[in-house]
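J.: Listed here are the chains, written in short residue letters.
2 protein chains.
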Amino acid sequence: MRVLHELQGKMKEENIDFYIVPTGDPHGSEYTPSTYKDREWLTGFTGSAGTALITLEEGFVWIDGRYYIQGEKQLKGSGFQMKKAGLPETETLEEAILRLAKPQDTIGFNGKLLMESQLKSLKKSLNKRKVFYKDKDLISPLWKDRPGLSKEGLFLLELQYTKYSASEKIKQVQDILWEKNLDGTVISSLDDIAWTCNLRGKDIPENPVFYSFMVITKREATLYLPVEKQEREILDYLRDQNIYVRDYDQMYLDGKNTRGSRLYLDPQKTSATLYKNLEEGNEIHEGINITTNLKGIKNELEIENQKKAYITDGIALVKYFHWLKNHGIGTKEFDAQIQLTNFRKESNLYIEDSFTPISAYGSNGAMMHYSADANDSTRIEPKGFYLIDSGGHYFTGTTDITRTLAMGPLTEEEIRDYTLTLKSHIALATTVFLENTTGNELDAIARRPLWKYMMDYKCGTGHGVGYVLNVHEGPHNISRNKINVPLKPGMVVTIEPGVYKEDKYGIRLENVYVVKEVGESSDGKFYGFEVLSYVPLEPMAIDPSLLTSDELDWLNEYHKITYLSLKDYINEETKDWLKEVTKPIGD
Amino acid sequence: MRVLHELQGKMKEENIDFYIVPTGDPHGSEYTPSTYKDREWLTGFTGSAGTALITLEEGFVWIDGRYYIQGEKQLKGSGFQMKKAGLPETETLEEAILRLAKPQDTIGFNGKLLMESQLKSLKKSLNKRKVFYKDKDLISPLWKDRPGLSKEGLFLLELQYTKYSASEKIKQVQDILWEKNLDGTVISSLDDIAWTCNLRGKDIPENPVFYSFMVITKREATLYLPVEKQEREILDYLRDQNIYVRDYDQMYLDGKNTRGSRLYLDPQKTSATLYKNLEEGNEIHEGINITTNLKGIKNELEIENQKKAYITDGIALVKYFHWLKNHGIGTKEFDAQIQLTNFRKESNLYIEDSFTPISAYGSNGAMMHYSADANDSTRIEPKGFYLIDSGGHYFTGTTDITRTLAMGPLTEEEIRDYTLTLKSHIALATTVFLENTTGNELDAIARRPLWKYMMDYKCGTGHGVGYVLNVHEGPHNISRNKINVPLKPGMVVTIEPGVYKEDKYGIRLENVYVVKEVGESSDGKFYGFEVLSYVPLEPMAIDPSLLTSDELDWLNEYHKITYLSLKDYINEETKDWLKEVTKPIGD
Numbered sequence: 114m115r116v117l118h119e120l121q122g123k124m125k126e127e128n129i130d131f132y133i134v135p136t137g138d139p140h141g142s143e144y145t146p147s148t149y150k151d152r153e154w155l156t157g158f159t160g161s162a163g164t165a166l167i168t169l170e171e172g173f174v175w176i177d178g179r180y181y182i183q184g185e186k187q188l189k190g191s192g193f194q195m196k197k198a199g200l201p202e203t204e205t206l207e208e209a210i211l212r213l214a215k216p217q218d219t220i221g222f223n224g225k226l227l228m229e230s231q232l233k234s235l236k237k238s239l240n241k242r243k244v245f246y247k248d249k250d251l252i253s254p255l256w257k258d259r260p261g262l263s264k265e266g267l268f269l270l271e272l273q274y275t276k277y278s279a280s281e282k283i284k285q286v287q288d289i290l291w292e293k294n295l296d297g298t299v300i301s302s303l304d305d306i307a308w309t310c311n312l313r314g315k316d317i318p319e320n321p322v323f324y325s326f327m328v329i330t331k332r333e334a335t336l337y338l339p340v341e342k343q344e345r346e347i348l349d350y351l352r353d354q355n356i357y358v359r360d361y362d363q364m365y366l367d368g369k370n371t372r373g374s375r376l377y378l379d380p381q382k383t384s385a386t387l388y389k390n391l392e393e394g395n396e397i398h399e400g401i402n403i404t405t406n407l408k409g410i411k412n413e414l415e416i417e418n419q420k421k422a423y424i425t426d427g428i429a430l431v432k433y434f435h436w437l438k439n440h441g442i443g444t445k446e447f448d449a450q451i452q453l454t455n456f457r458k459e460s461n462l463y464i465e466d467s468f469t470p471i472s473a474y475g476s477n478g479a480m481m482h483y484s485a486d487a488n489d490s491t492r493i494e495p496k497g498f499y500l501i502d503s504g505g506h507y508f509t510g511t512t513d514i515t516r517t518l519a520m521g522p523l524t525e526e527e528i529r530d531y532t533l534t535l536k537s538h539i540a541l542a543t544t545v546f547l548e549n550t551t552g553n554e555l556d557a558i559a560r561r562p563l564w565k566y567m568m569d570y571k572c573g574t575g576h577g578v579g580y581v582l583n584v585h586e587g588p589h590n591i592s593r594n595k596i597n598v599p600l601k602p603g604m605v606v607t608i609e610p611g612v613y614k615e616d617k618y619g620i621r622l623e624n625v626y627v628v629k630e631v632g633e634s635s636d637g638k639f640y641g642f643e644v645l646s647y648v649p650l651e652p653m654a655i656d657p658s659l660l661t662s663d664e665l666d667w668l669n670e671y672h673k674i675t676y677l678s679l680k681d682y683i684n685e686e687t688k689d690w691l692k693e694v695t696k697p698i699g700d
Numbered sequence: 114m115r116v117l118h119e120l121q122g123k124m125k126e127e128n129i130d131f132y133i134v135p136t137g138d139p140h141g142s143e144y145t146p147s148t149y150k151d152r153e154w155l156t157g158f159t160g161s162a163g164t165a166l167i168t169l170e171e172g173f174v175w176i177d178g179r180y181y182i183q184g185e186k187q188l189k190g191s192g193f194q195m196k197k198a199g200l201p202e203t204e205t206l207e208e209a210i211l212r213l214a215k216p217q218d219t220i221g222f223n224g225k226l227l228m229e230s231q232l233k234s235l236k237k238s239l240n241k242r243k244v245f246y247k248d249k250d251l252i253s254p255l256w257k258d259r260p261g262l263s264k265e266g267l268f269l270l271e272l273q274y275t276k277y278s279a280s281e282k283i284k285q286v287q288d289i290l291w292e293k294n295l296d297g298t299v300i301s302s303l304d305d306i307a308w309t310c311n312l313r314g315k316d317i318p319e320n321p322v323f324y325s326f327m328v329i330t331k332r333e334a335t336l337y338l339p340v341e342k343q344e345r346e347i348l349d350y351l352r353d354q355n356i357y358v359r360d361y362d363q364m365y366l367d368g369k370n371t372r373g374s375r376l377y378l379d380p381q382k383t384s385a386t387l388y389k390n391l392e393e394g395n396e397i398h399e400g401i402n403i404t405t406n407l408k409g410i411k412n413e414l415e416i417e418n419q420k421k422a423y424i425t426d427g428i429a430l431v432k433y434f435h436w437l438k439n440h441g442i443g444t445k446e447f448d449a450q451i452q453l454t455n456f457r458k459e460s461n462l463y464i465e466d467s468f469t470p471i472s473a474y475g476s477n478g479a480m481m482h483y484s485a486d487a488n489d490s491t492r493i494e495p496k497g498f499y500l501i502d503s504g505g506h507y508f509t510g511t512t513d514i515t516r517t518l519a520m521g522p523l524t525e526e527e528i529r530d531y532t533l534t535l536k537s538h539i540a541l542a543t544t545v546f547l548e549n550t551t552g553n554e555l556d557a558i559a560r561r562p563l564w565k566y567m568m569d570y571k572c573g574t575g576h577g578v579g580y581v582l583n584v585h586e587g588p589h590n591i592s593r594n595k596i597n598v599p600l601k602p603g604m605v606v607t608i609e610p611g612v613y614k615e616d617k618y619g620i621r622l623e624n625v626y627v628v629k630e631v632g633e634s635s636d637g638k639f640y641g642f643e644v645l646s647y648v649p650l651e652p653m654a655i656d657p658s659l660l661t662s663d664e665l666d667w668l669n670e671y672h673k674i675t676y677l678s679l680k681d682y683i684n685e686e687t688k689d690w691l692k693e694v695t696k697p698i699g700d
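As given, the protein sequences belong to chains A and B, one line each in that order.
Quick note, this note's numbering runs 113 ahead of the 1-based positions in the first sequence.
Quick note, this note's numbering runs 113 ahead of the 1-based positions in the second sequence.
Same shape as in the complex, but just chain A:
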């Protein structure tokens, strides 16, 4: 309550009538490290998403369906009221402002934490009201003990993992700048910078990136790096790659001093503050970052390495599944996921987990973003489904895989739904498609077998996966979002349909695929999906009578290769188990 009142005092001083505190960092990152958790500090609500709006009298936080209960609890005593986001009957933040704001009112925000695209969308929603906007950080003066960034240094990803050097990648970007007649591009997205420089960091848990900006002009490249990260050997390496180094904070000032240039910016990844600094006196061209498009298409070496990473990962999973089938009953979900991470750690190429595993027994599996509580998670019982969605960062690539296992007897409904999920998965995995087809156009192919039974999963079908980088990566995905990015050879993407039945169970079957060319005819080039992940499915949960002969062939071939790929890296007992679960079905 005190903090809210202090902020309202600051607002009065600055003549700000509404103050917005979003969730995010100055780079449009998916995960927010503690340094930038302004909203959490202000409201006490710890969820991964949510936006606070403060008026001179009140405070609100928009919180989505995942966090209604937690939000209610955590906001107690803060003076903030919860607004349920995502419900048609609840007003949105924009609607609240439209209801409360008078002409000439001022809306404030820290423009470093708000992406330019978010600000533009806000302005569009409010364009009927004549209001003013003020970019002003009111939180820092109040938040005396704001934590700093991670102290961890950067590390290099060698050419044996990347194929191309940083200077070669910069050259690729520069070629595109020449082609598009642009003077330069300012990159804020951290995974793009990590990819370009062949460097990795540990500033965001589970995303191996480091805080920085990068400017690439037709002839030069500059990395804006916090002083404390400018270690000798990193500076030497960057000099070798012809990359200039400047201090991180200098970016805003350099942006302001740039004039007369044709600049390329990604409004979804550039903060409103930086965008404004760059906009004055320059001609801005907007689009997805050039590096995002380059990075999205993996080269042959990256694909070869990723295939190895999936074998490494498959070994850990098979060990885990075998352990789980023998020792899982009575184990808590959280303890189980620790065991899995330990199996992953057995590889000397392992760096860290690529995200916090979703280790969910029974009805917990129905919550798509469930996270087992370290101190109080559910015990696995000898029946029904256990869902495990996990992945690792290895020097050879990043993995992401979901399997749903039978921990004992299954109901007919569970078997039917598992089999339908498998049909969904196979339908898309076996699709051949014409060039220039987007993931959005293919999405319904995966949903069709579930739709037939009036079931739908309320999330995307698949997402891009980084290479020793973020587990969620653009520019492409497979979903109902109208993202106009065609799938191209070299793009890596998950296929992960599922069935989620509240208070009952969740089923998700996720593999990672790489798009490859399958041939060309007079009608054009045709592409398909090549599977990277080899991990057994659950034979106990499959009803062969619901599968066509083509689907059974796919399943048996997949299991055959899984066994052959993994059998030499596991002990005899595990191998016998693997042989059993991968034996042909339905003949």
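Some clues are possibly wrong.
Treat identical chains as interchangeable: a pair holds within one or across any two.
Claimed, not checked - With a Cα cut of at most 30 angstroms, we get these calculated DSSO-like pairs of lysine-lysine:
1. K125 <-> K241
2. K438 <-> K688
3. K688 <-> K496
4. K197 <-> K638
5. K233 <-> K571
6. K264 <-> K247
7. K123 <-> K247
8. K243 <-> K389
9. K601 <-> K536
10. K420 <-> K189
11. K595 <-> K315
12. K150 <-> K123
13. K614 <-> K264
Keep in mind that the hints were calculated from the coordinates and are not lab data.
Small disclaimer: the values here were computed from a predicted structure and weren't measured.
We have chain A; now place chain B onto it with these hints.
T.: Just chain B now, kept in the frame of chain A:
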């Protein structure tokens, strides 16, 4: 050549440096009657699409792939040069202007024949050049013998065919105006006006519409009708429906005199001239015409009637197919299509054909928009495929159907491709889908079986169909175009995948479906397709080994109902034939 020079003379008088002559009428109609064939009169090129650009020295016509040969021939001696549209290596009209135009140049056009959306798109392409735009009709002063509109009068569609009266439909529009806080809407699209007024006309061949504008305000409705169409009984009827009548040309002036209103306009259906007149002093809200969305969802009576129309149409087709199988060999394509129209005419509900039939033997079928020449069409031989795409307007509805028939022995490739086309058709026809799904999202489901064999059809999968109205009707369709209109119950749509092999054959299997609700679950409402067309498929062309048991079930059930629906309306001989071709396959 003389006409081109005269036009260039006029351009000089008016200080116009570039003059654009598009194909179209003042209402965004798909087909252009002779009155508005300015481009054809000017250039001599008679194709259904194409745009002329005249500079002070030269003349060009952009002509698409269907008409390259015809265009070349017809432009000889006109002074116009052909530009091949749709090829990446040919410059577009906009690129030509960008290359030739100097700052301050003036681009002229007749704004009545250019839709506002086309003008906006032109301006957007040219926004780097500082040019001026001038709306000026330079053709009419030169085209002394411009033909008039059709002299045919209007006719009424009774309530037994429409269910709702014109005044009830106007009330529906007015409710939406109130809801959206709009003062009125100005409707230019002729099928929308015909639907609203329950009137039909014969101003455009095969589209039963009449030239008019319509203004609906919160409290009034006005029809702008050419004086010569204002017959006594039509005026009486309109008065009964509380529709005011004004003269057609008065629309432009009334538009100019409207002030201070919030007006709703469809920029794809409103001419640049009318848009400009309405824009001054009013607040324009843009979107698909309100009536287009209302009209797109058929009411129960319309659906019942349409089912009858498809039976009526099916009878004609079965008679035709039986005739064709017995007398078709040696017949010319054009003579055959006359025979089909004659069978349709046997019904007393028949009004006219809903489009010129595509009667295409052999390799002619590979041309998607083939039209048999009345004097010189191909003779049907005793082998291979004959494709017939046709439809009729009946008082009970509008039909559109395509079948591909074996006229004798087929090759293995022909049988495979026919069967794959059938698989494509069935895949989409049997899809159940979640509410809020667009045709664009479903399109790939139809293409998938063909893509697997690296084949693709270069057109949409399906289009809306009018009710005693245009055979192509929005707002929805099923195609690769990113039209964001979800399919809703009551929408009528074709499914028409195909295989087109240049110089060999064409296969297209088209039925018409109505979207219906199939049920609701905790995941939402689910919709599916109910077939309206019952016309037999070609058993000789089907390889049952390529079909799954579900697909065979669909086919046999479809044939069973086809036989039962039509058998009582045909003679014994035809009935025997129908029984034979609809008997179960693959058991």
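J.: Taking the hints in turn, state whether each one holds.
T.: Checked hints:
1. Taking the closest pair of Cα atoms, K125 and K241 come within 30 angstroms of each other only inside a single copy of the chain (24 angstroms); across copies the shortest separation is 45 angstroms, beyond that limit.
2. In this homomeric assembly, K438 and K688 come within 30 angstroms of each other (Cα to Cα) only inside a single copy, at 14 angstroms, whereas the closest approach across copies is 64 angstroms.
3. In this assembly of identical chains, the alpha carbons of K688 and K496 lie at most 30 angstroms apart only when taken from the same copy (24 angstroms versus 59 angstroms across copies).
4. Taking the shortest Cα distances, K197 and K638 sit within 30 angstroms of each other only across copies (23 angstroms), while inside one copy they are farther apart (47 angstroms).
5. For the identical chains of this complex, K233 and K571 are intra-copy neighbours only, at 27 angstroms inside a copy versus 37 angstroms across copies, given an alpha-carbon limit of 30 angstroms.
6. For the homomeric pair K264 and K247, neither the shortest alpha-carbon distance inside one copy (33 angstroms) nor that between copies (65 angstroms) is at most 30 angstroms.
7. For the homomeric pair K123 and K247, the shortest alpha-carbon distance inside one copy (13 angstroms) is at most 30 angstroms, but the shortest distance between copies (55 angstroms) is not.
8. Within a single copy, K243 and K389 get their C-alpha atoms as close as 20 angstroms, and across copies as close as 27 angstroms, so both meet the 30 angstroms cut-off.
9. For a Cα distance limit of 30 angstroms, the shortest separation of K601 from K536 qualifies both inside one copy, at 24 angstroms, and across copies, at 26 angstroms.
10. Proximity of K420 and K189 under a CA criterion of 30 angstroms is satisfied in neither setting, with 49 angstroms inside one chain copy and 61 angstroms between copies.
11. For the identical chains of this complex, K595 and K315 are neighbours neither inside a copy (33 angstroms) nor across copies (40 angstroms), given an alpha-carbon limit of 30 angstroms.
12. In this assembly of identical chains, K150 and K123 lie within 30 angstroms of each other by CA distance solely inside one copy; the values are 19 angstroms within and 69 angstroms between copies.
13. With identical chains, the CA atoms of K614 and K264 are never at most 30 angstroms apart, being 43 angstroms at best within one copy and 64 angstroms at best between copies.
Checked against the numbered hints above, the structure breaks hints 6, 10, 11, 13 and satisfies the rest.
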